[in-house]
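S.K.: Read off the chains here:
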Amino acid sequence: MTTGTGTVITYREAMKQAIREALASDPRVFVMGEDVGKYGGCYAVTKGLLDEFGEERIRDTPLSESAFVGAGVGAAVAGMRPIVEIMTVNFSLLAADQIVNSAATLSHMSGGQFHVPLVIRMATGAGRQLAAQHSHSLECWYAHVPGLRVVEPATIDDARGVLRPALACPDPVLIFEPNSLYNMEGELTGAAATADLSTARVRREGKDVTLVTYGASLWRCMAAAEQLAAGGVEAEVVDLRSLRPLDDATILASVRRTRRVVIVDEGWRTGGLAAEVAMRVVEQGFYDLDAPIGRVCSEEVPIPYPKHLEDAALPSVERIVTAVRRTMGDAE
Amino acid sequence: MLSEFRMPALGADMEEGTVVQWNVAPGDTVKRGQVVAVVETDKGAIDVEIFEDGVVREIVVQPGTKVAVGTVLARLEAAASAGAAAPASVVHEDARSSVAASRPSAVNPEASAEALEATAPPVRAKVSPAARVRARELGVDVATLTGTGPGGAITVEDVEKAGVTPRRELPGGMRDAIAAAMSRSKREIPHYYLSLATDVTVASDWLVARNASVPVDERVIFAALLIKAVALACRELEGFSGFYREGRFEESPSVHVGVAVALRGGGLVAPAIMDAADKALPALMEDFRQLVMRARAGRLRASELAAPTIILTSLGDSAVDAVFPIIQPPQVAIVGAGAVGMRPWVVDGQVVPRQVISLSLGADHRVTDGRLGAQFLARIASKLAAPETL
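Protein chains in written order, with our numbering: chain W, 717 to 1048; chain L, 3 to 392.
It is worth saying that the hints were derived from the structure and are not from the lab. Predicted model only: the values in this text are computed from it and were never measured. Some hints here could point you the wrong way.
What the hints assert, rightly or not - The calculated lysine-lysine pairs, modelled on DSSO-like cross-linking and capped at a C-alpha distance of 30 Å, are:
1. L/K68 <-> L/K33
2. W/K923 <-> L/K163
3. W/K923 <-> L/K128
4. L/K163 <-> L/K68
5. L/K128 <-> L/K163
6. W/K1023 <-> W/K763
Generate coordinates for the entire structure from the input sequences, incorporating the hints supplied.
M.R.: Printed below as a string of structure tokens:
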């Protein structure tokens, strides 16, 4: 099915196409993880690839994150280009030692003699009633760690495009995939080819306030911007895309235009990415600010299971609109 | 003995001016250099200073009256003879101090101890960082504003609304003033023009290194180096800094470099940085910053507008290579500067990228010739080549 210039596909399909392209074009690439083969991946991203590429290259692993991520680190050091899938960011904590103590450090500790060209994909975020152990957004824990690259594609194009630069990168790259976006459909355009590991993008231009966000929250911000426009407030929406490194230049350029900023982050507020972005704005743009910086984050609870409570815990369009209005000086 | 305070000539072409406001009243003690009145001219509202100490005895011209240059505006008793009367004089509450009185009393030095206690703790006005910066640029006193931002904070928009007052320049009048001065210049002054492209990589690198080690408000921009270089060159070569009047040139004993400042509403003014050759770079930069800010707020002083002995016009923030500037009479020279940019440049037989600027000179052929003009430009270039000496 096509409209306009590009094909309409899902986020899931975009990721799958990227993995398929990588497998077909580079014999060093292989996929490894829990249920990635016969079952087709817990979010069905790798479904069908086992038949296409065989067991050598689509490898089901035992239920041990520490073991298969560690194997990925070793394979990468030995010259392979592994794509390791971890079911959710919550489970990545079992492999945190391999990611933080091995993958992120080897290049530094070997004085650059070894690189770890490893790609780890994992689902993140809430919105599908998967409860507290499968719904958290812990991206900022990894974004804290030097030696890692952390990206979170939020659009079809970025989902399709980001794997190629990730595999080409000599350092370990963590790709976070918001599980609530897997079924999102959208047009695949030439922009996929421009995906990279370091720049943010302005997804909507506006002159009154900047919304800085990433991941699934991008679409809540876009909806909020639409509502705000009806009320005469033009919001600019910046999609971070890369959480480490952060693209300060794009963020600051936008803040200088709008002089107001609200950061929307599905992670928790305390010690989160929103705080980091806000601090950078203050450090580099204090004299451009016309209002206190606003934050919309998840409520500080383990993400609840019941639908109404889960919704209440997440940054909603309504909460974003309210935060923007407060920043604009409108009485509540 | 009474002395007379007259309508000053605020620039070569001014013939008359309107008193907009008196900051003093009869009985007030005034000090030399004090701004006593605001006069509206084609170049905007200008603060007029008084040049002697004394006590105001009589205001002759009331606000709103347009009078010719030289007209007596007020009479005052000179300080020596006013000695006995001065202590009895009342310090007049001018517009600014009455604003201060309406603020929380913590900022009013006259407030009594009880009043201080009654208002404690002092409330810091909510003004956004961006609004503070803008207010300084426009010369707006934020204490007079009501905020519309979060929690009643003053925003950029509030400042900009307040910044548009009758005190701003009158674009129509200014256009006429520029037209008159430039027509006279082209009619009377036989200009010759020279230009010199020069490598300023050393100066830009020096500036970057210097600025990296100081706080933001102590940073110096390239234009300040240019001002200083022009001033020093004027001191070393005669014939560029001074006035041509009644058929002869007079070299000015001090070098006051006028800096052309484009105004947001259109038009431009060229107020002087006084004694630019004698000022250390940080002081010169601070003067420059203040001058630009006040020029844009339409709050220049009379002495600054009439003083330039030479003008520097820089189009460094646009993309042009060079400026061919027109002299402002009765001056005899004007220096132009284009944008600093990377250019292929030959150094020791190799083409290398260097930071290059095109300096130009418009000079009066009645006073100097091209040969001297060329030396003058070369002198400016050599000053820029040794930025640490500026």
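S.K.: With reference to the structure, classify each hint as holding or not holding.
M.R.: Now the hints, each set against the structure:
{"no.": "1", "hint": "L/K68 <-> L/K33", "verdict": "25 Å, holds"}
{"no.": "2", "hint": "W/K923 <-> L/K163", "verdict": "18 Å, holds"}
{"no.": "3", "hint": "W/K923 <-> L/K128", "verdict": "23 Å, holds"}
{"no.": "4", "hint": "L/K163 <-> L/K68", "verdict": "28 Å, holds"}
{"no.": "5", "hint": "L/K128 <-> L/K163", "verdict": "17 Å, holds"}
{"no.": "6", "hint": "W/K1023 <-> W/K763", "verdict": "28 Å, holds"}
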